[in-house]
Amino acid sequence: MEGRFGRDALRAAVEAPALDRELWRALGDAGFFALCVPEDAGGVGLGLPEAVLAFEEAGRVLLPGPAVATFLAAGDVEGAAAGETVVTAVEGELVPWLEEADVVRGDTDGAVPVRSVDPLTPLHRVPDAPNTSHDPHDPHDPYTPHDPHAPRTSAHVASLLRAAEQLGSATRTCESAVEHARTREQFGGPVGRFQAVQHLCADMLVRAELARVAVYAAAVTGDRLAAAGARLLADDAAVRNARDCLQVHGGMGFTWESDVHLHLKRAWVRAGLGAGARQAEEDLAAAL
Amino acid sequence: MEGRFGRDALRAAVEAPALDRELWRALGDAGFFALCVPEDAGGVGLGLPEAVLAFEEAGRVLLPGPAVATFLAAGDVEGAAAGETVVTAVEGELVPWLEEADVVRGDTDGAVPVRSVDPLTPLHRVPDAPNTSHDPHDPHDPYTPHDPHAPRTSAHVASLLRAAEQLGSATRTCESAVEHARTREQFGGPVGRFQAVQHLCADMLVRAELARVAVYAAAVTGDRLAAAGARLLADDAAVRNARDCLQVHGGMGFTWESDVHLHLKRAWVRAGLGAGARQAEEDLAAAL
Amino acid sequence: MDLTYTEEEESFRAGLRDWLADVLPALPAGPAPDDWPGRRAYDTGWQRMLYDAGYGEVHWDAAPTLRLIFLEETEKAGAPYVGANFVGLLHAGPTIAAEGTPEQRARWLPPVLRGDEVWCQGFSEPDAGSDLASLRTRAWRDGDCYVVSGSKIWTSHAEVADWCELLVRTTPVSAEVPKHRGITWLALPMDAAGITVRPLRTLAGSTEFAEVILDEVRVPVANRVGAEDDGWRVSMVTLSFERGTAFVGEVVACRRLLGELAGEARANGRWDDAALRRRLGRLSAEFTALWRLTQWNVSEARRTGGVPGTGGSVFKLRYSHARQELYDAAADVLGPGALDLERPWTLERLSALSYTIAAGTSQIQRNIVAERVLGLPKGR
Amino acid sequence: MDLTYTEEEESFRAGLRDWLADVLPALPAGPAPDDWPGRRAYDTGWQRMLYDAGYGEVHWDAAPTLRLIFLEETEKAGAPYVGANFVGLLHAGPTIAAEGTPEQRARWLPPVLRGDEVWCQGFSEPDAGSDLASLRTRAWRDGDCYVVSGSKIWTSHAEVADWCELLVRTTPVSAEVPKHRGITWLALPMDAAGITVRPLRTLAGSTEFAEVILDEVRVPVANRVGAEDDGWRVSMVTLSFERGTAFVGEVVACRRLLGELAGEARANGRWDDAALRRRLGRLSAEFTALWRLTQWNVSEARRTGGVPGTGGSVFKLRYSHARQELYDAAADVLGPGALDLERPWTLERLSALSYTIAAGTSQIQRNIVAERVLGLPKGR
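Protein chains in written order, with my numbering: chain A, 1 to 288; chain B, 1 to 288; chain C, 1 to 380; chain D, 1 to 380.
Just so you know, the hints here were simulated from the structure itself, not pulled from any lab data. Backbone N, C-alpha and C fix where the C-beta goes; we use that ideal spot for every residue, glycine too. Just so you know, not all the hints are guaranteed correct.
[Unchecked claim] Pulled a few chain B residues facing chain C out of the computed Cβ check, cut under 10 Å:
| # | residue |
| --- | --- |
| 1 | 110 |
| 2 | 196 |
| 3 | 247 |
[As the list claims (entries may be wrong)] Covered stretches of chain D, going by a simulated chain B footprint (3 or more residues, C-beta under 8 Å):
| # | stretch |
| --- | --- |
| 4 | 251 to 264 |
| 5 | 283 to 295 |
| 6 | 312 to 322 |
| 7 | 365 to 371 |
[Said to hold, decoys possible] Straight-line C-alpha distance at most 27 Å; calculated DSSO-like pairs for lysine-lysine:
| # | chain 1 | residue 1 | chain 2 | residue 2 |
| --- | --- | --- | --- | --- |
| 8 | C | 378 | D | 378 |
| 9 | D | 179 | C | 378 |
| 10 | C | 179 | C | 378 |
| 11 | D | 76 | C | 179 |
| 12 | D | 378 | D | 179 |
Take the sequences, apply the hints, and build the full model.
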């Protein structure tokens, strides 16, 4: 993934945010969107565990575009698997990439543009969107598939793939903080020798690792509540790791040129898409 | 206060918890209970700011006994000012020192003994106690005075005096952690040279100092909401400082012989008396 | 992430479940948690039953996955906690299994598995807490014995134990010998002359810990496990292993506790508080993930041949705080009842306070993660 | 704790209030926050009005309590923020007032008070962030000038400033000269030859900061405030003072924001969420206490003759985190609206991220509190 969308591509995209159709088709050619489409339907025929690894990479490099919605439409919408058709969806009250997408799932009546905090994710808001829940049979769920028994395309899978992106981001910001702490010198040596910095980094790793096992296990089991739990831990890891990464970077992290803010803003946006943490917590509590 | 109830007295009380009537009378003689009783009624004639300093000291040395209720009864109940009559009150669902007290304010119907987590505070529980609020004219308020305009004896003053005790405890546990960090040697020097320990101590001081200004300011203004805010910050400071103090002490803080647990348990008990944090937060929110 | 089990593993699980369903209802009620002599009789009796039923060897001879299944199923079924056998089964035993001679294994392991002999741990000292390697209990050779003098602290079950796994300094620290060298691992018979056991009361009021004072106690050289002066390595191998799996049963228990808390909150009306409800929901996600992390650590151990490595520190760091948050949430569910020692969870809340301190404080664990996992420069 | 005011102070407050009530409604609307040339015209115009009305001297010549009242009342009335005058009024100005010669005070202070001249700050360097004293911008004597070369970063308002308070190294660090010595405080005219200003874009997208590159810039020796090599002390006196009071207006603004959040939440239905409501209630307690802490610091400053001491670090530590929590709560009130830069508070939330970093990170502040207030041994 880093080969297709490296740091130079990222910074170029920040300065001129638009959907890169060429990149999208390259991802399609590489089988990214068709990863879970059965082989006899022309896909790669892999499962959620592999999809989660792919989206972790997408989160790590801050891949722009409605990748989750396009991925989930791959077996369903003509051209989505190949990256020719860009698909987005109404996620809670928000729709990312509405103007750039070819197909929109969900009801966008009354959608108004939002000046998005994330320079890499244009947003529209649908103020009267019905509340999305994690119920796979929710009629408002834009991901409800034609076959109600196919677990792959229900809202909790979208949520899990976003959790995987959050995990990739949390891992990357942890690494970035560690790199900075190893090399930035203050007070006569690398700042990473101070316990205050070390312990920030250690807590970042712990958050990322806990999110990792939660995301991977939810992918293996396909369980709805496991996905809700993974989402909670991954949202938390992505947002808090980005903030701690900024703290470790100090003033240098506060510049536009640093990537830290891109991770933080995207983590905020991802956490704001779909049913959100409140609903996930309620779902998990209800099952106790 | 430390002269009257020092560390030896504290540890003796832990091993044989009973109300020390002699100490109580000595406090009465010293004017502790009559601090805010007008001089023409035989009291010391000082105000809430001085009372708050006295209760801060009481919290610091972990003075056992229903001092707040006795203090608030001093102008009202025969012998309370002198420390001859021990007065307690129903505080939310709990009554401290019910069996030892001579006078009980509030309705104790159905009170059942509780095996108290704090070895220095015997408790009864009144399961159907009406909810105490911070409303000074609440008819269920055990502190409602005969003169409804006297601010001194309403529930929010009881709450503020307990906040002052919490402040004293938070200050003491901060000092205790610092003492330990200065003297305990590990890895070839005092543990207080490690940032991880230093920063625990710094956060303890910040909590105590913020609680201090909140408590002092609430005492000066006598304001009901200021008292609610002071209570929140002081409860938080007392409980969290006791826990951080335990963390700084390590295994040594985990022993019965250490005083840390006495501070933690008392802080829990004080936080559980009266209307509690939820109500204080709601009151403050309602005023926004 | 491998969450599947082999047929052999599933059949082991099924057999164990059946046996537990059969045996548990007939067990007598356990003694009070701090009745150590009582606990010894109870726990060792239970251990003997496991041994006779063929589950004895699971503790350290079986594959990590079988051990995981064993700990999961016994906890899920509500079987007695290992209690006084904790050190023997989960610490000293694995050390002897890994580092002992065939004679030592034959002498010490079967009685642990049968519950005939109880072990305690003599590692910490009053002046060597977080800095364990600075321990000062001295041992010197006299013929075919070591003579040991010093004192140990936080020795659980010392009053009822038959053996103590003891770390002693056999070579003093010097310019040539750093503190991690010069330490030796000995099996100390607790009935030897010169041992004084002083119960140590914890903040929870219980006395399962003790201080052990050693005054020229003679320990046969044959009781040494591993080479002289190599005791730090000998004990650390086991310690790192235990961090990965010693809490399996507890995590299962925490998840059960969450269900109990929800039940209590639904009964007493606090379930209406959305903030409390959501907090329990989030804790449920935490403990499910901690359970997955345990599985992950065990499967890593299987892959690398026994040592789960630094995953243990990651687990320990998060688990100890999550456990404290769990009991804080329990206090919120109980309301004023949280101040009552008769109510469930109040004593456990007190005990949970030790989790961020014992077996390496959270501060030490963060150092380990930062330096050994993340490769940050040696802390200052 | 003295919360009462003298008659003189109360009459000052009343006069100021009347004046504000009179003048504010007639003010033109302010320019966009990152329109720095526009802000300069606007802010300095406002400053001149204050000066003409007799409030100019309040910034540093008046007693600390008058200053507190001034900052409180102007913020409460919604008066324009000091903006481009921040450094001149609250940093360089007080330094010159405390440490400058009579000639220097006469030259530089009146234009600051009138809003005629804008100052910026040249302290931080790319390689000297948290470790400010390791700064490397060099200055050497050449006749009656210093010649300065190096670079500064995080210089706010550099594009519009007339003067820069500059820290330079006049004596290199050596075995005899520790890094805190050898630093000198200079007033650099921003129109001197050899200065390059490069705007620095922050994560909020704005460009109020700049990098300033100095290439053999000549600064008259007469522009030195304090003795040569004594610049660290000269600037720290002010810094410690400013930590105590520079945030007065902001704390007042935060308390007003809490009221706005409650209003928004009541309007959009989120007020029904008890957890959010209680969070706002707790933040209200926090910011009320932070306001009291400011008053306390100011009254301490009055007692000790100007320097509020370490209370500033205590305040800064808590305030910077509370401010971030406040904007996180604001995001919760806004819901998806928190992702919209057009909505109030979203940009401010981004800016608030700098509070735990700028002017000494929270980590540095904790070190200061631990070592200087609590007397713990020098950290490692």
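Ascending list of hint numbers which this structure does not respect: When the structure is compared with the hints, numbers 1 and 11 turn out to be violated.
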